[in-house]
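Colleague: Going down the list, the protein sequences come from chains A and B.
Taking our numbering, the leading residue of the first sequence gets 1, the next gets one more, and so forth.
Taking our numbering, the leading residue of the second sequence gets 1, the next gets one more, and so forth.
In case anyone wonders, no lab produced these hints; they're calculated from the structure.
Among the hints, a few may not be true.
Because identical chains cannot be distinguished in the list, a pair is counted as satisfied if it fits within a single copy or across any two copies.
[To be verified] Derived pair list, reagent style DSSO-like, types lysine-lysine, alpha-carbon separation capped at 27 angstroms: (1) Lys-28 to Lys-204; (2) Lys-204 to Lys-53; (3) Lys-155 to Lys-189; (4) Lys-73 to Lys-57; (5) Lys-161 to Lys-216; (6) Lys-54 to Lys-162.
Protein chains: 2
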Amino acid sequence: MPRQLTMNRAVVLLSGGLDSATTLYAAKEKGYECSCITFDYGQRHRREIASAKKIAKLSGCDIHVQKIAFPWKGSSLLDESKRIRETHHTQKGVIPLTYVSGRNIVFLSLALSYAEVVHARAIFIGANVMDYSGYPDCRPEFLQSFEAMAASGTKCGVEGKKIKIVAPLVRKTKADIVRLAVKLGVPIKHTWSCYEGKRRPCGKCDSCYYRAHGFKEAGVVDPALFT
Amino acid sequence: MPRQLTMNRAVVLLSGGLDSATTLYAAKEKGYECSCITFDYGQRHRREIASAKKIAKLSGCDIHVQKIAFPWKGSSLLDESKRIRETHHTQKGVIPLTYVSGRNIVFLSLALSYAEVVHARAIFIGANVMDYSGYPDCRPEFLQSFEAMAASGTKCGVEGKKIKIVAPLVRKTKADIVRLAVKLGVPIKHTWSCYEGKRRPCGKCDSCYYRAHGFKEAGVVDPALFT
């Protein structure tokens with residue numbers, strides 16, 4: 001937990017993947033003093049938490065690991081008895097089995113509570129709707145709706161000090177995100193995207209697919225493949 | 001976790017206080033099959049969880065106790081080094097020190113995730129703006145805003161199966177709530193309202209104040225005083 005309050009603080013949702021790491025560096029570039037929050041929510045790719053911690057450390061930001069169970073499961077990301085669907089990226093318009101009900105709503109709600117207490121003015125999230133899995137809680141209309149709800153349901157909001165929800169990558173392609181990550185000096189080799197969470201990225205899940213696609217299109221070799 | 005899915009399921013936020021218990025019985029009267037959720041969030045009146053469990057059992061409903069930390073605190077309800085403010089009920093228009101940043105937002109978000117997985121159509125909450133402590137996240141405009149955000153950020157919402165946020169007590173006075181609780185057969189003596197969470201209600205905090213006021217105005221003796 002940060003001790004000092006500044007006028008320009010942001011809470012950053014840092015999963016440890018490429019998008020959230022790039023979002024953190026984008027927030028820092030905008031001059032925000034960032035406090036990161038990451039979630040230990042029973043995900044099978046729990047190893048992303050170690051990536052988040054490493055990236056926060058390298059960026060000089062504090063990080064809080066928030067435990068939060070989704071015991072009702074309902075997602076292949078939370079249930080090892082289910083298979084991660086490997087072919088979703090060919091089925092546009094279908095929300096895949098990896099969808100976790102209310103995940104970003106819960107994560108943003110906790111980030112909001114944290115942000116209000118530390119007097120942060122913004123919450124940064126790496127949501128993206130270009131090369132993504134079709135999750136409803138990544139769309140700009142959802143993020144706007146969350147911001148309005150947050151203004152209505154918090155003390156700071158009703159007092160006119162609204163907390164902004166900022167998604168700097170929301171309309172970028174994965175290739176653009178790769179280029180931005182390189183430009184901002186994101187420690188890409190420490191990011192983790194694969195849903196399977198094994199020793200090496202599986203190369204088959206949606207997350208691996210979009211990542212590989214982005215690096216290829218940007219003409220950049222993914223340094224995480226050589227760690 | 002409930003095993004059977006019904007067409008008329010609701011998730012009920014049951015804190016163990018008078019309002020949430022009455023809300024549960026109101027949901028049951030409307031024909032909903034209810035699954036309760038209660039939160040262990042570091043509150044000093046943690047004993048309300050035992051009340052919630054007892055009330056759920058008496059009502060024949062299942063209950064899930066969800067652990068969720070607010071490690072950033074920022075509220076006298078979460079921080080035993082702070083005093084519960086005893087005189088707020090005389091200061092209308094001031095949000096008191098017992099305000100927990102984003103509490104109902106976090107609770108509703110988790111209830112929403114649960115509700116979507118068990119195919120519930122509604123979430124019931126005992127929010128009230130008549131005899132209350134001025135919390136922004138109890139107001140009807142907030143609840144409407146949450147419902148809209150939930151429709152935008154969930155799979156069921158974008159597929160047109162919106163989950164309703166229902167607050168049957170929102171405009172009732174505490175005396176009306178007492179009368180309704182009596183009428184619906186709520187096991188009032190098992191409810192717990194006091195913020196202090198000691199062996200007996202303190203009789204001084206906002207919650208005790210509003211409760212005593214409601215019973216007096218309704219002309220009903222509070223059975224919890226004799227347990």
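Colleague: A separate judgement is required for each hint: does it hold in the structure or not?
Modeller: Against the structure, the hints come out as follows:
When the C-alpha separation of Lys-28 and Lys-204 is checked against a cutoff of 27 angstroms, the pair qualifies neither within a copy, at 32 angstroms, nor between copies, at 46 angstroms. For the homomeric pair Lys-204 and Lys-53, the shortest alpha-carbon distance inside one copy (25 angstroms) is at most 27 angstroms, but the shortest distance between copies (44 angstroms) is not. In the homo-oligomer, the alpha carbons of Lys-155 and Lys-189 never lie at most 27 angstroms apart, since the shortest distance is 40 angstroms inside one protomer and 33 angstroms across protomers. When the C-alpha separation of Lys-73 and Lys-57 is checked against a cutoff of 27 angstroms, the pair qualifies only between copies, where the shortest distance is 24 angstroms, while the shortest distance within a copy is 31 angstroms.
Taking the shortest alpha-carbon separations for Lys-161 and Lys-216, neither the intra-copy value of 42 angstroms nor the inter-copy value of 39 angstroms comes in at or below 27 angstroms. With identical chains, the CA atoms of Lys-54 and Lys-162 are never at most 27 angstroms apart, being 31 angstroms at best within one copy and 39 angstroms at best between copies.
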